[in-house]
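Asks: Below, each chain spelled out in residue letters.
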Amino acid sequence: MYSYSDFDEGFVRARVAQFTQQVERRLDGSLSEDEFRPLRLMNGLYLQLHAYMLRVAIPYGTLSPHQMRQLAYIADTWDKGYGHFTTRQNIQFNWPKLPDVPAILSALADVEMHAIQTSGNTVRNVTADHFAGAAADEIEDPRPYAELLRQWSTDHPEFQFLPRKFKIAITGAPHDRAVTRAHDIGLRMVRNAAGEPGFEVLVGGGLGRTPMIGHVVRDFLPVPDLLPYVEAVLSVYNTLGRRDNKYKARIKITLHETGKEEVTRMVEERFAELRPLFGGADQALLADIRAAFAPPAFRNAPTDGFDAFYKADPVFRAWADTSLAAHRNDQYAIVTISVKAHGDTPGDATSDQMRVMADLAERYGHSDLRISHEQNVILPHVHKSDLPAVHAALVQAGLGTANVGLISDIIACPGMDYCALATARSIPVAQEIALRFKELDLEHEVGPMKIKISGCINACGHHHVGHIGILGLDRAGVENYQITLGGDGSETAAIGEKMGPGFAYDQVVPAIERLVRAYLAHRLEPGETFLLAVRRLGLDPFKAALYGTEGTQDAA
Amino acid sequence: MSRSFTPKVITANRLREGDVVYLTADDRWSPFHHEAELIEDEAHGQLRLLHAAAQKLLVVGAYLADAKAGPNGPEPTHFREAFRTRGPSNYHHGKQADYAS
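Sequences listed follow chains A and B, in order.
Note that the working numbering gives residue 172 to position 123 of the first sequence, counting from 1, and the numbers run on in steps of one.
Note that the working numbering gives residue 42 to position 7 of the second sequence, counting from 1, and the numbers run on in steps of one.
Misleading hints may appear alongside valid ones.
As the list claims (entries may be wrong) - Computed footprint of chain B on chain A, listed as stretches where at least three residues anywhere in the stretch have a Cβ under 8 Å from a Cβ of chain B:
#, region
1, 324 to 336
2, 474 to 480
3, 523 to 537
What the hints assert, rightly or not - If you want the ones that stay clear, here's a sample from chain B, every Cβ over 10 Å from chain A, calculated:
#, residue
4, Asp-62
5, Ala-78
6, Leu-92
7, Glu-110
8, Ala-135
Said to hold, decoys possible - With a straight-line cut-off of 30 Å between C-alpha atoms, the simulated DSSO-like cross-links for lysine-lysine are:
#, chain 1, residue 1, chain 2, residue 2
9, B, Lys-103, B, Lys-91
10, A, Lys-295, B, Lys-91
11, A, Lys-214, A, Lys-297
12, A, Lys-547, A, Lys-297
13, B, Lys-130, B, Lys-103
14, A, Lys-214, B, Lys-103
15, A, Lys-309, A, Lys-129
16, A, Lys-129, A, Lys-146
17, A, Lys-129, B, Lys-91
18, A, Lys-295, A, Lys-309
19, A, Lys-297, B, Lys-130
20, A, Lys-146, A, Lys-214
21, A, Lys-295, A, Lys-214
22, B, Lys-91, B, Lys-130
23, B, Lys-91, A, Lys-214
24, A, Lys-129, A, Lys-295
25, A, Lys-129, B, Lys-130
26, A, Lys-214, A, Lys-309
Just so you know, the hints here were simulated from the structure itself, not pulled from any lab data.
Built from N, CA and C at the ideal position, the CB exists for glycine as well.
From just these sequences and the hints, can you work out the full model?
Replies: This is the structure we're talking about:
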């Protein structure tokens, strides 16, 4: 994996020193909160409902065991012994105290990590396919490009005060696991007619209060054009983007108001100016970065042990069927560790669990760990013969739940249990849905299902692209939950459609159960997933299940 | 006194710890909502808010939150403020743990 250069190391250390002094000046009163706030946000420090929250970037979701152990150490030393993995491949600590934050940042710098640009109107953590470098369906590992973008965008002087935050996602595979169509810029690796790899560039996707699917502005961008082209997009956005209204400031609105053709024309014009200024240094850097992402030395060994175990042990089989994905090396598998035990908080790992995952990565996983936007942890390279041992260790640590991709593998934002922006809770809704379907023992019967829950309209829980989306709102001082159906975050991306009136807090789980039972009653065969059934049937049978036949008119 | 004024308390987060606190009538910052001063006059509320906001070495983000009188002192009227008196619902953390009797 990528190791910091002396420049990176110096930059991050300098920022820690700078912020240490800023905290001192805040604590002695030389800085007011109004002065300090933008400085702390630049370093990922928020003030939430009950405490401060520190958001740490996990670039393109990649972690080493050493880094994971340091996150566990931070959780034990300065927080409450756990961390929360987010939908943007970050980790959040929910209980740091302001005077301790410089020490935390210093501990992060010790393992080449930081919290820079995890907030503010800048280019945020560049996210990537969590199976990158391992997936069987991949054209190329996208992470060298993500790292190049990270280096280019970090502290980029032109893009520190954008009209609004800016999120870039990248995937190297045709199956989109990085929700690229719902990002400000989505980059999908494709091949041109000559077989060369490049990028399909999507601009103007996003969720939040105005959900939109990104538009393709370039069908094929050659690899050497990546930085100048992305810079051209940012540059046009920086000029055109609205600063008068924060709700209309994202690039999706710029694109919507200006028109895709005009924006594309301006981007190409700016690109023509910028391209000659990139003299090849970026490509030399890219070559160095690529070397850091060379595949591990895969072991060549028999896999019969796995096959025998798979046949013999039904618990292992259930886990293998849900948690494993095809690896580019057929002796290997990609393991998704469910951080979604029924009834637990989605995406929360204790420090002990972090250490177990670090140990497993070191012992069985070529020292590689990933965080997915679906709030799970991935061991991308595990030899199949080691899977029984990995499974046994995960089960002991409470990490062996066989529910990846099923109804209890729910994305949930922190919601009003932590977040100052939230309008309702998300976490307990997720906990109760998971427990209910465990009790019914239905989730394997239901099959692939993505429920995504946001506690406010900003949609950190990606509810718009959930097969079932749940949005928590404050309706006249009471929590109320709006349900959407048919959303999809993959290469067939779609924004879910609103059903009728929302549901009270204690009515959400029964409503979800009615939807699921309607699906089971209507599906053609078990192979027709919930999403396919919604597409075939439309919303009416589901509205009838939710509201009874009289309630099908849309009152939202 | 305005007849339409909803009673309020002043709440904020401690600068160092981030903990939720409430301004009392005797100018302390208490962790307990029921110890807050219940403000029933708008002009008085604004003066108290100015007083609170000036304490920049102690608290951050002071604001007026709706409240009502209760048998043991002011009570929150909105669920967000009720959560702030306790802590999160997924773990026994925050005030519900720190001040458990």
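Asks: Determine for every hint whether it applies to the structure shown.
Replies: Going through the hints against the structure:
no.: 1; hint: 324 to 336; result: violated (count 0)
no.: 2; hint: 474 to 480; result: holds (count 4)
no.: 3; hint: 523 to 537; result: holds (count 4)
no.: 4; hint: Asp-62; result: holds, 18 Å
no.: 5; hint: Ala-78; result: holds, 25 Å
no.: 6; hint: Leu-92; result: violated, 5 Å
no.: 7; hint: Glu-110; result: holds, 14 Å
no.: 8; hint: Ala-135; result: holds, 15 Å
no.: 9; hint: B/Lys-103 x B/Lys-91; result: holds, 27 Å
no.: 10; hint: A/Lys-295 x B/Lys-91; result: holds, 27 Å
no.: 11; hint: A/Lys-214 x A/Lys-297; result: holds, 12 Å
no.: 12; hint: A/Lys-547 x A/Lys-297; result: holds, 22 Å
no.: 13; hint: B/Lys-130 x B/Lys-103; result: holds, 21 Å
no.: 14; hint: A/Lys-214 x B/Lys-103; result: violated, 39 Å
no.: 15; hint: A/Lys-309 x A/Lys-129; result: violated, 47 Å
no.: 16; hint: A/Lys-129 x A/Lys-146; result: holds, 11 Å
no.: 17; hint: A/Lys-129 x B/Lys-91; result: holds, 27 Å
no.: 18; hint: A/Lys-295 x A/Lys-309; result: holds, 21 Å
no.: 19; hint: A/Lys-297 x B/Lys-130; result: violated, 38 Å
no.: 20; hint: A/Lys-146 x A/Lys-214; result: holds, 26 Å
no.: 21; hint: A/Lys-295 x A/Lys-214; result: holds, 10 Å
no.: 22; hint: B/Lys-91 x B/Lys-130; result: holds, 22 Å
no.: 23; hint: B/Lys-91 x A/Lys-214; result: holds, 28 Å
no.: 24; hint: A/Lys-129 x A/Lys-295; result: violated, 34 Å
no.: 25; hint: A/Lys-129 x B/Lys-130; result: holds, 14 Å
no.: 26; hint: A/Lys-214 x A/Lys-309; result: holds, 20 Å
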